[in-house]
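Undergrad: Each chain, written out:
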Amino acid sequence: MSIFVNDDTRLCVQGITGRDGAFQTKGMIDYGTNVVCGVTPGKGGQSVHGVPVFDTMADAVRETGANTSITFVPARFAAPAIIEAAEAGVDLVVAISEGIPTLDVAKVYQRLSELGTRMIGPNCPGVISPGKTKVGIMPGWIHSEGPVGVVSRSGTLTYEVVDSLRRGGFGQSTVLGIGGDPIIGTNFIDALTAYEADAQTEVIVLLGEIGGTDEEQAAQFVTEHVDKPVVSFIAGRTAPPGKRMGHAGAIIAGGKGTAQEKIEALSEAGIPVADRPSDIPGLIAAALGRK
Amino acid sequence: MKIHEHQAMEIFGEYGLPVSAFDVVTSPAAARAAAESRGGSVVIKAQVHVGGRGKAGGVKLARDAGEAERHAERILGMDIKGLTVEKVVVAEVVDIDREYYIGIVVDRATKKPVYMVSSEGGVDIEAVASETPEKIHKHSVNPERGLSDAEAAELAAKIESDPLVAAQVADAILKLYAAFVGSDASLAEINPLVVTSDGIVRAIDAKMNIDDNALYRHEDIAAMRDTSTDTVELTKARELGMSFVKLDGNVGCLVNGAGLAMTTMDLIKQHGGEPANFLDIGGSSNPDKVATALEIITSDPKVRSVLINIFGGITRCDDVARGLVHAMERVNTDVPLVVRLTGTNAEEARSVLADHDLMTADTLDEAVEKVIALAGRDS
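As you go down the protein sequences, you meet chains A and B in turn. Position one of the first sequence corresponds to residue 28 (the numbering used here), numbered consecutively onward. Position one of the second sequence corresponds to residue 2 (the numbering used here), numbered consecutively onward.
Bound-form chain A, shown alone (with noise of 0.2 Å):
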């Protein structure tokens, strides 16, 4: 098992044509991806590693059943291409493209919301269950099967960590990035609550940095709803306040959002936070041991 990708993952590129997204195909295809169309809008009847290109989501969901979509749109156009991939009938749009304006990924949650579609990201690395399907832009090879969860707002320092536990002789059963903007389509809750009900997963890895609340909100999530051991690490205690430090959404605005925060809220749900990225596995091992 894994969440919200699988072997029955059939994707859908859009922007399939552009560098990025000619790109990344290659690299999911290599994966094992069953990538089964893309749209560029013009492009329409053209192929990109033997992908056929489609105008619109509509004609390449009606000719090829894709069910999940990945979009390497530009930002400026990224938002109108989302709900298309929604309306079109895909289940879920995972969302690569950074620096969309923040009220447009409001409107586009709205909209999701609206036709019952999961949104991942945008501004994000995707989503791997190692195995059997990559929709994402990370390196697939420091993946392996086992029944570790990760669910991060980052992108390298999830492979950071993804490397430590590959070190640590631990596989995940999915490696989710949600993404750094301020408005996200999935958040921590949302994929403890699928890592809860997911059998492959036994322990999940929480990987927070400064900003917002959602890691207080899962902490106490955890307490009231998620039997299975939780680990966490939380990037951004050096951060100073008021700076934007890289992702959209990592600062420390009105003294709220600091890692110390966070780090006691975590603490006092009784979830062990790593000092660095390679006291993970030790805390795995402690947590699976416990059980």
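A portion of the hints provided could be inaccurate.
Said to hold, decoys possible - Part of the chain A face toward chain B, derived, beta carbon under 7 Å:
(1) Ala133
(2) Gly182
(3) Arg264
(4) Pro268
(5) Lys270
Don't read these hints as lab results, they were simulated from the structure. Think of the CB as a built atom: it goes at the ideal place given N, C-alpha and C, for glycine as much as any other residue.
Dock chain B against the given chain A, drawing on the hints supplied.
TA: Frame of chain A; chain B shown alone:
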């Protein structure tokens, strides 16, 4: 992006909000002239990107033009929380009967704009929120439909009982929402929105932060960016699309990805060092970017060593290594580097760097220990 009060007042004015009349001046003489044209009695307000300017003495009431000049003289050039006041607003004085707060932020939890109104205006709204949260009325706005007349009227009725005044408050609530959406703001607020003794509603303050991601469709607002306090390094980093934040330590770091960059800083601190900066070079391995990033970091004379930490995913480590070689040819620095390249094509990267005198590390922990040892050397 933050904009100044007077810039927000101009935008609010364009959306039809009842903003009090004002001038922006940069000299005491101009403040005097502005006061004279408004009949003498004015408020002088420092224009700086920090809160608490009133407490710091940056807001003064003047009874006549002479006093306006003296206040402006004192406020211009004043240091408020490390920022120098370059300009002041000279605003008409409004007689105040009661003061309200109206504001909108993007709420991360509900994923919608949330409107907040309070009858406790003119004071620190965060203090009201923590001490008497029942005095702030919140309302989530459907971002697709926007704010309706009925919703605005309902919000206004929560803070104002006089129907004639409440109608004006509702109008201001609608117009502020239009300004918020129309400018792609992440925050828009009026504190206070005042009611005069004649029952007239006026906005005597304005605050707006703009979503950086949306600046491409607001050239007029993008041009409002106040770069007077930006360093050359910050401007260079911004031009190349890199995120850079200066800190006080002596260990520089150059990292790909924001989360990993924060983690690298945290580990430097944890191992007993002090990070000199946050720098996320982004997904590209463009040699020019690597070189510029290195120039930016080493331009600080306090920096004693630099850690280059790249986790190659899509970014290929050998590309970064070639960029680094190019950077070292271009950047003239004696500051020692520790290079940790791992992930995609890390082996190839090692052979690219083999001919160069560079300290390398396999793991993040090892890299951090090495770079701190170098920083501590003969200091």
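Undergrad: Can you name, in rising order, the numbers of the hints this structure does not satisfy?
TA: Violated hint: only 4; rest satisfied.
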